[in-house]
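J.: Input sequences plus hints: build the corresponding full structure.
First to last, the sequence lines map onto chains H and C. Residues 1 to 308 (the working numbering) are what the first sequence spells out, left to right. Residues 1001 to 1240 (the working numbering) are what the second sequence spells out, left to right.
Derived by calculation from the structure, the hints in this document are not laboratory data. Please note that a few of the clues may not be correct.
What the hints assert, rightly or not - The calculated lysine-lysine pairs, modelled on DSS-like cross-linking and capped at a C-alpha distance of 25 Å, are: (1) Lys1076/C - Lys1055/C; (2) Lys207/H - Lys1188/C; (3) Lys223/H - Lys238/H; (4) Lys1080/C - Lys223/H; (5) Lys1055/C - Lys53/H; (6) Lys207/H - Lys1055/C.
Said to hold, decoys possible - Partner residues aside, some chain C positions facing chain H, computed with beta carbon under 8 Å: (7) Phe1151; (8) Ala1203; (9) Gly1206.
Every residue, glycine too, gets a C-beta built ideally from N, C-alpha and C.
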Amino acid sequence: METEKISLGTQLFGYQLDNPIIPASGTFGFGYEFADYYDINILGSISLKGTTKEARYGNPLPRIAECPSGMINAIGLQNPGVEKVRTEELSKLKRYYSKKVIANVGGHSFEEYVYVSSAFNDSESVLAVELNVSCPNVKGGGLVFGNDPEVLGRLVKEVKKSCTKPLIVKLSPNVKDISEMAISAESNGADAISAINTLLGMRIDLKTRKPVISVGKGGYSGKGVFPVAVKMVNDIFKAVSIPIIGMGGISSSYDVIEMMMAGARCVMVGTANLIDPYACKEIIEELPITMKKLGICNLSEIVGCASI
Amino acid sequence: MKKEVLKVLSNEKLTETIFEMRLSGSSPMLPGQFVELLIPGFSLRRPFSVAEYDKGILTIIYKVMGRGTEEMTTIKKNTKIDTLTGLGRGFSLSGSEHPLLIGGGIGIAPLIYLARVLYEREKSVKILLCGRCNNDLIKQEEIGKYGEVFFATDDGSCGFKGNALEAAQSLFKQTDHYYACGPMPMLKALATNNKKGELSLEAHMGCGFGACMGCSIQTTDGPKRVCKEGPVFQAGEVIF
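T.: Written out as C-alpha cells, the structure is:
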C-alpha cells in the first residue's frame, strides 16, 4: 500500500476533519498558546477549555497529583467566563487556527448550561458544543447531571431547545451503566457522544497523611485509563448510532486506531499533551505510517470493527 | 520553551538530602526560569529552577522530597533525559542598583545564577541565605563570589538566629529591591512587610507550560499560572 493513498479524513456533523485528532478540553487551554510550539492547523479540531457563565478561579492548590500511569487533577473549571471566551479567546485563536473548534460547556444548573451553550450560536468558528456533564471537580456541579439518565435526558432536551450548534454530550465513566447515559442523551437529541471523562481518584501524601489534592479527590486520567475507555466506548457504540468521540489515555497512533476500532469516529487526546506539548503533532505524523503497517487505507473502515 | 534531550554530566550529593545535577545540551536559560525533567518510570515531568547556566550547560539543585527525587539520585553520568527548557518568566535584571537576594532552603538554588548575572552587571549585590540550620545553607562559597553574604538560621547554628524577615529588616534599609525564593510562609512574610521585590514561587504542576491550569494562583490582576506568567511574581501582586 502506498502512503499517498492513505486517508486520515473523517466527517463530523457534515464538516470535514483533516484527521480524527482533537486535543481534549482542559489540556490545551484555548489553543493559541500551542501555536508557539507548532502549526496547530494540522489538528482535526480543538476542544476548548471548559467554560461557565461567570469567570471561575477553580479549586485551591494543589490541584494536581501524579499517578503511576497518569495523573489526578482537580482544577475546578478555571475559566474567564463565557463572554470573554466568546469575544476574546475565540478571536485570539482565530489568528492561529483557521478550522472550526468545539466549545466545551460546564455548569451548575439547567439555566447555566442553557445560557452558556446557546451563547455560541452566532460564533462562526464553533463547530459544535460539548456539554460537560461529568466534571468531577465542581461542587454540586456537572456530575449530578452526569450520573442520572433521566436528569441527563432533561438537560439535553432543554439545551437543544436553544443551542443551535450540534451538541456533543461528554459522559462520565463514574456511573453504573454508561450505555444507559448514552441512550438517554441520544433519545433526547444529542448529536454525538464524547467519552470518557476522568475517573474519580485520590492520592495521599505519606508525610502529611492527608490527600495530595486540596479538595481531597479529583479526576484520574492518562495511559492507565485507556483500557477502561476502550471498553466503555465500545459499550456506547453498541448502544447508540450517533457518532462517538473516544478519549481516555490516548498517547500514540496505535491507541487512536484501537479506540476507533472500539467505535470512535474521532478521538480526543488529553493528558498526553501535558507531558509532551508535541503529542498531537507526533500522533498525526505517525498515524499514516501505523495505518500502512496495519493495512488500513481509510479510517472510516475500522470504526467499531471490533464489536462482537 | 524547547523540548530537548539533555545529557547528565554529573549528579553529586551536596548534603544528606540535597543533590546537584549538571546537564549538557540546553538552549539558553534566564535566571528564574525553570526546566522540566521527565524521569524514567514517572508519568509527569518535574520542575526545577536553574541554579546555573553557561554555554549549554545547565545546573539544577534538588532536594529529595519523595520517590521521584529519590530515583533521581541514582541517575548516572551520560544518562539522556527528555527535558523542556526555557520555561516560565524569570527575574527582572534591570532597575535595581542595590539588590537583596533572599533564599530559603532549597530556594537558594535559582539565586546563584541570578547573583552571578547581577554581579556581572556590576550591581552591588547583598545575599541573605536562610534555613533551619547551617546544613541548609548550600553553596555559600560559590554565591559569596558575587556579593556580600549574610546568614540566618532558626537554630542559630550559622549567622543571625531567627527567620528570614527578621534578618532582612536591617538589609532592606541598604537595598532598593529584593528577589526571594523559598517556602511560602517565608515569601508571604516578606511580601506582607515589603512590596518592593519579586518572589519566585513553587507549585505542583501538571504540564509546566500553561496548558492545564494546575498551578494557577490568585493575584491582584486575576488568576495567573506559576508556570507561564510566573514563576516570578511581583511581591505586591500575589494574594496569599
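J.: Look at each hint and say if it fits the structure.
T.: Hint-by-hint comparison with the structure:
{"no.": "1", "hint": "Lys1076/C - Lys1055/C", "verdict": "holds (22 Å)"}
{"no.": "2", "hint": "Lys207/H - Lys1188/C", "verdict": "holds (23 Å)"}
{"no.": "3", "hint": "Lys223/H - Lys238/H", "verdict": "holds (24 Å)"}
{"no.": "4", "hint": "Lys1080/C - Lys223/H", "verdict": "holds (23 Å)"}
{"no.": "5", "hint": "Lys1055/C - Lys53/H", "verdict": "violated (49 Å)"}
{"no.": "6", "hint": "Lys207/H - Lys1055/C", "verdict": "violated (39 Å)"}
{"no.": "7", "hint": "Phe1151", "verdict": "violated (27 Å)"}
{"no.": "8", "hint": "Ala1203", "verdict": "holds (6 Å)"}
{"no.": "9", "hint": "Gly1206", "verdict": "holds (5 Å)"}
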